[in-house]
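Asks: Our numbering numbers the first residue of the sequence shown as 50 and each following residue consecutively.
Some hints here could point you the wrong way.
As the list claims (entries may be wrong) - Label pairs and their computed distance ranges (CB to CB):
1) Thr-105 x Ser-233: 22 to 32 Å
2) Arg-229 x Ser-127: 13 to 23 Å
3) Leu-217 x Gly-118: 35 to 45 Å
4) Ser-230 x Leu-101: 19 to 29 Å
Just so you know, these hints were derived from the structure itself, not from any lab.
Idealized CB from N, CA, C, for every residue including glycine.
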Amino acid sequence: MGCLRRLGCLVLLVVLAGAAWITSDRWRPLLPTWVPGTLAARAIAADSGWVLVTATGATRAEHSLAALGDRSAMVFASVRPAEFAGYMLMDLAGRLPPDGDSTQAAVIGNQLSVRTSLDIRALGGRDAWGPLVAVFGTRAPLVFSGTFDIVRPGVAEFRIQQLSLHALPVPGPLIPRVLRSVESGPHPMGVAANALLVNVPSYVADIRATGGKILIYKSVP
Numbered sequence: 050m051g052c053l054r055r056l057g058c059l060v061l062l063v064v065l066a067g068a069a070w071i072t073s074d075r076w077r078p079l080l081p082t083w084v085p086g087t088l089a090a091r092a093i094a095a096d097s098g099w100v101l102v103t104a105t106g107a108t109r110a111e112h113s114l115a116a117l118g119d120r121s122a123m124v125f126a127s128v129r130p131a132e133f134a135g136y137m138l139m140d141l142a143g144r145l146p147p148d149g150d151s152t153q154a155a156v157i158g159n160q161l162s163v164r165t166s167l168d169i170r171a172l173g174g175r176d177a178w179g180p181l182v183a184v185f186g187t188r189a190p191l192v193f194s195g196t197f198d199i200v201r202p203g204v205a206e207f208r209i210q211q212l213s214l215h216a217l218p219v220p221g222p223l224i225p226r227v228l229r230s231v232e233s234g235p236h237p238m239g240v241a242a243n244a245l246l247v248n249v250p251s252y253v254a255d256i257r258a259t260g261g262k263i264l265i266y267k268s269v270p
């Protein structure tokens, strides 16, 4: 941990990215052919359970959450992963990533997984990456997965358990540092260091990723 504190998150990521580029002829053939914004990405999504995140899907998830508050509604709502991912991303950023990023989502095990691309200049600015920007470009494939917890009525958190940038896994202790680099303001109080805050209706009591779906439960008086 002393080494990590001295070098810092960004320097470590630069070193990992440089090593990955130098040895790319060894590991790149082992990776899926998914590249954001390509027809291949859309074809792979259709075949593997990954589904494109859209504004229409985000709106559908919002309507499902609203309907859950009706007294006559069931105690839970089932939402498709891409729809809830769209709702979450809209809440976090106020908009969805550009269409060219081919943002996709799926439930894998008990986690919601999202894959998109990130402008790596957000991680410390262009100077932090130097010549690697010329090698990798300004946008890098980003994949993150996690689970949900309810922090308090009206506030949920998405705890990121796994994160990779340009196919390089980010060590768990560094995930909070990466999140701080892209957050627009102070990290919300009461939210875990490796989590993102998601606003939900106050009657939402639990959110679970299971069986290829997102199940949202409401509190019952």
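Asks: If a hint holds in the structure, say so; if it doesn't, say that too.
Replies: The hints, checked one at a time:
{"no.": "1", "hint": "Thr-105 x Ser-233: 22 to 32 Å", "verdict": "26 Å, holds"}
{"no.": "2", "hint": "Arg-229 x Ser-127: 13 to 23 Å", "verdict": "34 Å, violated"}
{"no.": "3", "hint": "Leu-217 x Gly-118: 35 to 45 Å", "verdict": "42 Å, holds"}
{"no.": "4", "hint": "Ser-230 x Leu-101: 19 to 29 Å", "verdict": "26 Å, holds"}
Checked against the numbered hints listed earlier, the structure breaks hint 2 alone; every other hint is satisfied.
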